Each structure stands twice: as C-alpha cells, then as structure tokens.
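*Asks:* If you want the building blocks of each chain, they are given just below.
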Amino acid sequence: MAEALAKNAYTGGAHAPAKKATFDLFARPTAKTGLVSWLTTVDHKKIGMLYGGFAIIFFLIGGLEALMIRTQLMVPNNRFITAQLYNELFTMHGTTMIFLAVMPLNAAFFNLLVPIQVGARDVAFPRLNAFSLWVWVVGAILLNVGWLSHFSDALKGFGGAPDAGWFGYAPLTSRTFTPDLSTDLWVLGLQVLGLSSIVASLNFIVTIINMRAPGLTMMRLPVFTWMALVTSFLLILALPAIAIALVEVMMDRNFGTSFFEVSGGGQPILWQHLFWVFGHPEVYILILPPMGYVSEILPTFARKPLFGYPIVVFSGVAIGFIGFGVWSHHMFTTGMGNVATAAFALATMAIAVPTGVKIFNWIGTLWGGQIMTRVPMMFALGFIWMFMLGGFSGVMHAAAPADAQQQDTYFVIAHFHYVLIGGATFALLAAIHFWFPKFFGRMVPEFWGKVSFWLIFVGFNCTFFPMHFLGLNGMPRRTWTYDSNMGWNEGNLFATLGAYLLGIGIFTYFAVLIYSYFKGKVAGSDPWDARTLEWSIPSPPPEHNFAAIPTVHARDAWWYEKHHKEEIAKEKAEHIKAEESHGGIHMPDQSWYPLFSAFGLLVGAYNFAQIHQPLVLFGNQVSASHLPLAITGGVIMVAALYLWALEGPGGYHLHLGPDGKVTESRGDH
Amino acid sequence: MTRTRSDHRNVFRFATVFLAGLSLLLMTGCAWAGKVFSLSGPQSTMVTEGPVAKAQWDLFMVTVYVTTFIFIVVGSVLAYAQIKFRAKDEAAEKAEPPPQGHGNPLIEIGLIAASVILLVFIAIPTVRDIWYTHDVPEAEKGNALDVTATGFQWWFKFEYTSEMVKLPAGGEAPLVTGNELVVPAGRPVRVHLRTIDVIHSFWIPKLAGKVDMIPNRANFLWFKADRPGYYYGQCAEYCGESHAIMRFRVIALDQPDYDKWLANQKLPARTVAAGAAASAEQPKIQFANYQINDGHALAGSAEFDANPLAAWHRMQAPEAGENAALVAQGRKIFQEKTCVSCHTIRGHEGMGITGPDLTRVGARSTIAAGVLENTPVRLAQWLHDPAHFKPGNKMYYGGYVVQEGTGFNATWKQNFTLNDTEINALVAYLHSLK
Numbered sequence: 001m002a003e004a005l006a007k008n009a010y011t012g013g014a015h016a017p018a019k020k021a022t023f024d025l026f027a028r029p030t031a032k033t034g035l036v037s038w039l040t041t042v043d044h045k046k047i048g049m050l051y052g053g054f055a056i057i058f059f060l061i062g063g064l065e066a067l068m069i070r071t072q073l074m075v076p077n078n079r080f081i082t083a084q085l086y087n088e089l090f091t092m093h094g095t096t097m098i099f100l101a102v103m104p105l106n107a108a109f110f111n112l113l114v115p116i117q118v119g120a121r122d123v124a125f126p127r128l129n130a131f132s133l134w135v136w137v138v139g140a141i142l143l144n145v146g147w148l149s150h151f152s153d154a155l156k157g158f159g160g161a162p163d164a165g166w167f168g169y170a171p172l173t174s175r176t177f178t179p180d181l182s183t184d185l186w187v188l189g190l191q192v193l194g195l196s197s198i199v200a201s202l203n204f205i206v207t208i209i210n211m212r213a214p215g216l217t218m219m220r221l222p223v224f225t226w227m228a229l230v231t232s233f234l235l236i237l238a239l240p241a242i243a244i245a246l247v248e249v250m251m252d253r254n255f256g257t258s259f260f261e262v263s264g265g266g267q268p269i270l271w272q273h274l275f276w277v278f279g280h281p282e283v284y285i286l287i288l289p290p291m292g293y294v295s296e297i298l299p300t301f302a303r304k305p306l307f308g309y310p311i312v313v314f315s316g317v318a319i320g321f322i323g324f325g326v327w328s329h330h331m332f333t334t335g336m337g338n339v340a341t342a343a344f345a346l347a348t349m350a351i352a353v354p355t356g357v358k359i360f361n362w363i364g365t366l367w368g369g370q371i372m373t374r375v376p377m378m379f380a381l382g383f384i385w386m387f388m389l390g391g392f393s394g395v396m397h398a399a400a401p402a403d404a405q406q407q408d409t410y411f412v413i414a415h416f417h418y419v420l421i422g423g424a425t426f427a428l429l430a431a432i433h434f435w436f437p438k439f440f441g442r443m444v445p446e447f448w449g450k451v452s453f454w455l456i457f458v459g460f461n462c463t464f465f466p467m468h469f470l471g472l473n474g475m476p477r478r479t480w481t482y483d484s485n486m487g488w489n490e491g492n493l494f495a496t497l498g499a500y501l502l503g504i505g506i507f508t509y510f511a512v513l514i515y516s517y518f519k520g521k522v523a524g525s526d527p528w529d530a531r532t533l534e535w536s537i538p539s540p541p542p543e544h545n546f547a548a549i550p551t552v553h554a555r556d557a558w559w560y561e562k563h564h565k566e567e568i569a570k571e572k573a574e575h576i577k578a579e580e581s582h583g584g585i586h587m588p589d590q591s592w593y594p595l596f597s598a599f600g601l602l603v604g605a606y607n608f609a610q611i612h613q614p615l616v617l618f619g620n621q622v623s624a625s626h627l628p629l630a631i632t633g634g635v636i637m638v639a640a641l642y643l644w645a646l647e648g649p650g651g652y653h654l655h656l657g658p659d660g661k662v663t664e665s666r667g668d669h
Numbered sequence: 001m002t003r004t005r006s007d008h009r010n011v012f013r014f015a016t017v018f019l020a021g022l023s024l025l026l027m028t029g030c031a032w033a034g035k036v037f038s039l040s041g042p043q044s045t046m047v048t049e050g051p052v053a054k055a056q057w058d059l060f061m062v063t064v065y066v067t068t069f070i071f072i073v074v075g076s077v078l079a080y081a082q083i084k085f086r087a088k089d090e091a092a093e094k095a096e097p098p099p100q101g102h103g104n105p106l107i108e109i110g111l112i113a114a115s116v117i118l119l120v121f122i123a124i125p126t127v128r129d130i131w132y133t134h135d136v137p138e139a140e141k142g143n144a145l146d147v148t149a150t151g152f153q154w155w156f157k158f159e160y161t162s163e164m165v166k167l168p169a170g171g172e173a174p175l176v177t178g179n180e181l182v183v184p185a186g187r188p189v190r191v192h193l194r195t196i197d198v199i200h201s202f203w204i205p206k207l208a209g210k211v212d213m214i215p216n217r218a219n220f221l222w223f224k225a226d227r228p229g230y231y232y233g234q235c236a237e238y239c240g241e242s243h244a245i246m247r248f249r250v251i252a253l254d255q256p257d258y259d260k261w262l263a264n265q266k267l268p269a270r271t272v273a274a275g276a277a278a279s280a281e282q283p284k285i286q287f288a289n290y291q292i293n294d295g296h297a298l299a300g301s302a303e304f305d306a307n308p309l310a311a312w313h314r315m316q317a318p319e320a321g322e323n324a325a326l327v328a329q330g331r332k333i334f335q336e337k338t339c340v341s342c343h344t345i346r347g348h349e350g351m352g353i354t355g356p357d358l359t360r361v362g363a364r365s366t367i368a369a370g371v372l373e374n375t376p377v378r379l380a381q382w383l384h385d386p387a388h389f390k391p392g393n394k395m396y397y398g399g400y401v402v403q404e405g406t407g408f409n410a411t412w413k414q415n416f417t418l419n420d421t422e423i424n425a426l427v428a429y430l431h432s433l434k
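As they're listed, the protein sequences go chains A and B. With the working numbering applied, the first sequence covers 1 to 669. With the working numbering applied, the second sequence covers 1 to 434.
Bear in mind the hints are in silico, worked out from the structure with no lab data behind them. Fair warning: this is a prediction, and the values are worked out from it, not measured in the lab. C-beta atoms are modelled at their ideal positions from N, C-alpha and C, and glycine is treated no differently. One or more hints might be untrue.
Stated by the list, open to error - PhoX-like mimics (lysine-lysine), calculated; alpha carbons at most 20 angstroms apart, straight line: (1) B:K332 x B:K157; (2) B:K266 x B:K166; (3) B:K332 x B:K166; (4) A:K32 x A:K46; (5) B:K434 x B:K332; (6) B:K157 x A:K156; (7) A:K562 x B:K434; (8) B:K157 x B:K141; (9) A:K565 x B:K434.
As the list claims (entries may be wrong) - Taking CB as the label site, the calculated pair distances span: (10) A:I504 x B:A302: 34 to 44 angstroms; (11) B:A173 x A:Y500: 29 to 39 angstroms; (12) B:N104 x A:P538: 16 to 26 angstroms.
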C-alpha cells in the first residue's frame, strides 16, 4: 500500500486521472515568487525556511522574555515587573522556547534536509506538509494572543498571557484558580501544535521509509535523517498522551467534568503522569535532532566518517525507547512510593549510557582527523562540552533522594539549560551556520561568526553555571523575587550580567546572518568539503533538488561520489535520460487549501476556547456564546479539506535541456 | 571565505585574552566571586542539620565524585583530540584526507561496560537512601512527633494532631499554628502533607528534601533536627501568583523549651491586664512612606539575622510598655473590620479558617508566611497594603476589596480601609498575642 502510494506520488502522471481537477473553486496557484508563492508553497525548502524564520522570531521573543526574567531577579526584592507578569513570562518563556523555537527549528531542518538527504524531490505529501506549517502558525497565535491584553484595554478579556507554567499542573489550571481565558487558549494552542507535529511526523516517516533513492539502505542513511525518523516516531507516540490530558483539562474547565477537579474526586496527580509521559520523550524530541546535526558536522570538519555509525544510530533508537520509561523522574517528590521511585531512578541512570556512547563516538570521530575549526565546528565542539556537563547534572538528578533537594530549584534550571542551550541550541546554531551557504548561497564571515560564538559561550556559562550553586543554596525556581538575606544576591547579579552578554552574543549571531544574506561571499555547492547528498546539488538548491535522482553506493554518499567521479557521471546521464523518457521531472502543484483549512482551524479554535463567553463585536453583544463562530471556523476547515481532496494532486513536469536549462510543461498527463 | 587563517588566530587570541581577563577579574574580586558560588545561605542544602538532609547531601556528593572522575577522563581525551588533531595550517586542511576509519567495536563495548560500572556506584546508595529518607526508622517510630501541614495559597497551617486544646465553645481540637512549625530537637518529626487548594511542596533545605502536597493524596515526609535552631523553609512547587513568597520557618527547641512552648500554646489567647502603662503615650509607627527595596532584608534585620533563634526566644515574652487601652481598641477593630471572619484568635473573637490562626501571632518571628519580620513597623506596613507585599492574597482580595460581577466584567470594590490610628491599635493588639 505504502509503496504503491509512494510510486504514485513519484511518477504521478502515469496514475493520475487524465482530466483536470474535478472541482476548482480557487484557481490553482502557480506563482514562483512573491507573497502568493510563499502562502501556497508545497516546496519543502520554502516550507523549511518559513518554519525557520518563524522559529527564529519566537526564539528572539523567548529570549526577550528570559532577559526580563533575569532583570527582575538581578537584585533582591525587586519590583521591575509584577508577580503576575513574571508568572506569565516564565510560562511563556518555557512554552515558546520548546514549542515555538526549538521544535520548529528542528522541523525547519527536517524540511530542508531530509528530502535531499534521502535523494528525493519533496516529501511524500507536499500539501500536507504545508498544512503542518500553517497549523503550527495557528497554535503559535493562540498561545501568544493573550499578550495583547497588556497593550490594549479593549483586549483585557484575555487576562494576560498564560500563567500556569509550561507544565500546567492541575489543579492550578482549573477554572477555580485560573479563571481567565489565557489558560483556555494555552490548552487549545498546545493541542493545535500537537496536531501540526503529528501530521508532520507521519509525513517524514513515510518520506524516509519510502522515498529513499536507489541504494540508500537504512544503514546508509545520514545520521541526521535517522534522528529525524526516531524523533518523528517519538512525536506520534508521545503527543497523544498530552492530547488526552489537554482534552481532559478542557472538559474540566468548560463542560463540568472532574478528571482533575478535586471536589469531584479527580486526581491531579494523573495530569503529571500524562504530561510527563509526553514531556520526557519531548526532551529527546528536542535533543535527538541536534545530536544529528553534530553527527553531520563533526565528520565534515574532521574529514573522516562518523566513528561507530551503527552504535550511534542504535543508541539514538535506544534513547527513544528508554525515553518512554523514565517520565516519573520528574515526579520524585510526589510520593510515588519507594519501588516506583527506585525503578525510575535506575531507568534514568540507564538512559545515561546510550547518551554517553554518543559522546564517546564523537570523540572517536575527532581522533585521527584533520580538524578544521570553522564556526559550525566550534559550536559543535561547544555542544559536546556543554551537553556533557548537562548530562552530568542529569545523572545527579537520577539519584532520587538527592533530587529531593534539587527538584524545582535553580540547580534544575542550570541542568536543563546546559542541555537545551549548551546542547540543543548550540547544535542548532552550528547547523544554521553550517547549512546557511547551502540554502542562501552565501558564506557567513568566519571572524564575526567566531566573535558571536565566544560571546555566546562565555555569556551562557556566566549565566547558568552560578545557577547550580544558587540551587544548592536553596533558591527555588519560578520565584518572582527573593529576600536579600538568603545569600543569593551575588549569584543572581552575576547570572543576569551573563544573560545580557548571552543576549549580545545571540544578537551578533543573527545580525551577522542578516549581513551575510545580502553581502556574504557567494558559496559554491560544497564549501565545507562535506559528505552527504545536499552538498552534491547547487546552492541554493533548485526547486527539483536533483537533476538526476542519485544512486547511493556508500554511507557518506557525496563523499563517495567525489572520489568516484567518472562512474557517477555516467550513471547520472543515464538516469536523466530515463526520467525524461517518462515525461520529465514530476513536481507537485501548489495549493491554497492547506492555508485555508488552517485559517478555519484558527477561527474555530479561537472561538471554541471562549465558548461560554458572550460574543461582543464593537461593544455590542451579538450572541450569548462564541459557539456560532466556532462552528463557522469548523465549517471553513472541513470545506477547505474537501476542496483540497477534490482538487487532486495535480503536478507539472520539468525538462532538463542539454545546456542545463530547465523548461516547464503542464497538462501533459 | 573572505577571512584568512590569521584572522582566525586573531579570534583565538581575542578569546584567550578575554578569558584571561575574565579570570583575572574573578580573582581580584575574589571575595565577591566567592559569594557568587556561596553555599552558606539559610536554605543551603550543604549545611545540613539533620540525618535526612545529610543522607541526601552525601548521596549528592557521591554523584559529584563519580561525574567529576568521568569529566576528567573524558574531558582530557576530548581536549587532547581537539589539540592533537587540529589541522595546523591551510595546507594541512587541503591535504589528502586522513584514513577513513569507521569505528572500533571493542573500544565501544568497553566504554559501554565502563559507564555501566560507574553508574552502579551511584545506583547502590541511591536505592538505599530512597528507603532511608522515606519514613522514620523503625527503631525511632515510638519517639516520633506527628504533625499535619496544610498548604494554602500562600501560607502553611500546622496542626499538632496529638496535642488537643479545649475550645472556648466546648469540645477539643488539635493545636493549630501558622507559618512557624515548632518541634523538639533530636526527635524525629513526621509531617503529614495536605493542601486545601493547589499543589504545594514542603521544603526545609537544611533538614530534609521536599515532598509535594497534592490534593487527594496522603503524602508525608520526616526529618530530625540535630540541635536547636531556626530553619528556613519555602514552598517549592509553583502554586500561583505569590508562590515566590510562600515561606515558613521551623524552630527546633530542646525538650524543656519545647514543653514550655507547648504548654503556653494550649492556653487561650492572652489578654493584657487593664491599667498596665495605660497612661503612657504609645509612639506612633511611621509606615506611610515605605520603600520595598530599602537595602534591608524584609524578613530579617541585621540584628535578627545575627542570632535568629535568640530573636525568636525574645519574641515569646510580652513587650514592655503594653498599653491595655490601645490593645482593647485593637481587639475591637479586629472585629469591626471583619478580620474575624477569616482568622481565629482562640479565647478571643474569630473562628475563621481562611487565614492563619492568630492566637499567638505576636510570638511569631515573621508574618505573612515568612515574608516580613514581625516588627511593629513591618506589621503596620503589611496591614497598610497587604497586596503590595503578597500580590493576590485573600486578605486584600476578598477582605479590603470585594469582587463585583463575574468573568470579564468583574471589578474590585473597596470594602474597608484602615487608617493610621486603626493600624496602630491593631498592631498593639496583635503584638500582645504572645
């Protein structure tokens, strides 16, 4: 079935119905440039860039939120911001950085790289891919719309941004304790983001399993693509848990159920289990793709293959599996009982082993290499060092009785920022720098890249290293202020100054990128002497990625091609000829409907969140509830999905002339 | 690349100078830098004062030793590889690639085995301490004191379930205090953890790690204070707007002092004998102009912090120069301003259970759940503007102001105000409750 589907998508013309789309409400868009081309795109590279662009904007917003938090904590008994705003800031800092910055940045790289690394021309379901993107945007809007209430009195009904913590522990999320709309929007927003992730994950699983180029066996897959596959499986298995939990909170808040309502016999502890059985795999969802970037970057700049590829892949899969068996280490202080606590403590120690294995193998990769310390390599090496430190404090948490002192203190803050900034973010910054020339065709200046690296590295450590000590000295997290006789004054001041330095570093990093976009030196197709297929095609890649679908002969496919040029050239010429005889390169058509259905979802979810509130337009009450608008949104979404199905896959062909010129033909299938 | 290798060297030189400068700065400001990494605060988990906290810290140090060992070994190899295998110049980068080795299964399996063995060093004491820190050891169970702690947004109620007091209306009930848990030193204490609203977490870093107070769940923890002392505690689970300032204290006394304290607690609220210093003019408390961040700790003046336990002992005795008339006036205001509907003063008026029991509030070292030192000035500031010190608290929202309307249209309407004279009398009254 799956193979037939993939074949159908691939050769399209042979299987598609002869007539045009059965129903055409909106003319099928064909714009290649301009706003419409971006809104209707199904090209995985454009979608990847949209994911990346939005994610970087939210990364900077989340960073600003962090700087406001650090400013408030700079001195004891500070009144820079109110307790309420502080709680909104740390809730949204966590939610934003996880769901709206690191996850979509990873999604951006999945989109940009996976199809090319498997030697395909797009993902398996291009319109579904666009749908994932726009649904993600809907979730981001729902989560952040509450901020508007701080800027306009007319919008104060939102009650501020969500303020129950990114982990939203019941019963704090019940109507009794957080009556405002922000929590409803948070619940719906996360639900919508989960939908986006599940759809995208299914797309990537099908792409990786079915659309690999000839010769690309699973054990020849680039490690990054492997990690994308494992991550996708983690997402589709972990997200249902939180989806269920969020539905239960929504029912409690709006329809009088008692899943977590204490007065109705509900069990708030249930939320914690459901949340963390999602939340802990989520940690690996955030960190496995970065392990993939590093596993691509280190071999490139050490100029030798990854040490122990099978073990690196296997440990990634093992982390994925064990990652589902350690969730309760977030709950060592909830009184689970000794046996459960011991079991989760030991499982947590066990997961340190495959993580350690990866570090050993990265060092093995460097051993005997010719290390070129370019900026991506510096970030990747910084990743190994910082992630190692974060891993050590992770093992400390696994010792459950010791964790009873560390849980919910700044020690934990230090730990997971070493993993998520020192780990995930360093790897992402390495990846952005590494693949920038590929997708924008320009190099980033080394000097300024290194300046930003050192600012970020020093700023990061000044911010977070003292937090270990603050935590051991008894400073709890999520605290708006602290008294001046606790011995925390100097550590907090130092951390805040470090955070400003880190902020300057991040600003420098992105300023240099913007400069490079306009003024950077033009990059060739393979500026780093790299090893995987994306470096075999021009920078930036053409719409169809490959002139000829490559045949993979070895694990580092492009490295092999570079060292077997004649054999490959002959092979490619044959492939181009064969494909032209089938009608040319088949490309998917753009579509409006992913965007329209996401718009319907936005209208529906936004109004459903406030279903019990009267609908007020321009100061007049229009309806007793938002139900009519919620239904309208649902109808728009379903209608768009039907039109999407009826418009058919469509598609057009590209033909490569002997001079390398590309011509397009339509309506010939 | 527009930049050449000499530029890269410049960056490294810049980085080296920067790091050197930074360490110099750290060394010259050594005293200050020492404070950045201080572990001697009143909530330090390193300065342990009881067997539970000590077991937890010792286990933590085991993890520190093991991970430090791994860090030294792995870090050295990584640093060596980075330096040794670095391409020396541009020519080296363009040279023939090094041998394309794919790995070495023996080395990898060896490293996996080594990691497992090192983890066993942590796993064994971990499992042992999970059982040890869970409950009072069997041998000491008979000697243990059972107390129930209940979390409220944002303060703690303590009930001595084995110490019954006679209620004025007849019958008896467990002794209740708020925000200061007084226990005998050298005896194990089992604290039963309950909550009235959301999840809180009960944490006295120097005595024991935290355990959560979860609705519909019967959690408990135990600790033992090795010696008499004054210990800081704090809620450690995010519980809403004023979570940051939901604090409490544990005061450990030797057995005779504890017995004396207990005997006094069981009595009804104290009444100041009429006529005492009635003629003396009470000095007015200045509070209208206050600055939250005036450079002093809100909950501990220098004098207090010098010896908190002694300061607590001083609080137990009635203050000199009590003005019986003023105290009586305060008692009247306490009723008129509806304070009684939320607070209990056993033996006087009030049966409220929304706020802390105030039967002996004058003998507590802090008010507002460990936020403010219990001086007349701080108490007056608190009564003047409780929302300033504890945003969202029910004494202000529900007392001073009450809600009108619901949902988006809800507004807060002034219910009562306290003028300076009234606050003055209230402070005198509350401080007389020793």
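*Asks:* Sort out which numbered hints this structure fails and list those numbers smallest first.
*Replies:* As far as the earlier hints go, 1, 3, 6, 7, 8, 9, 11, 12 are violated by this structure, in ascending order.
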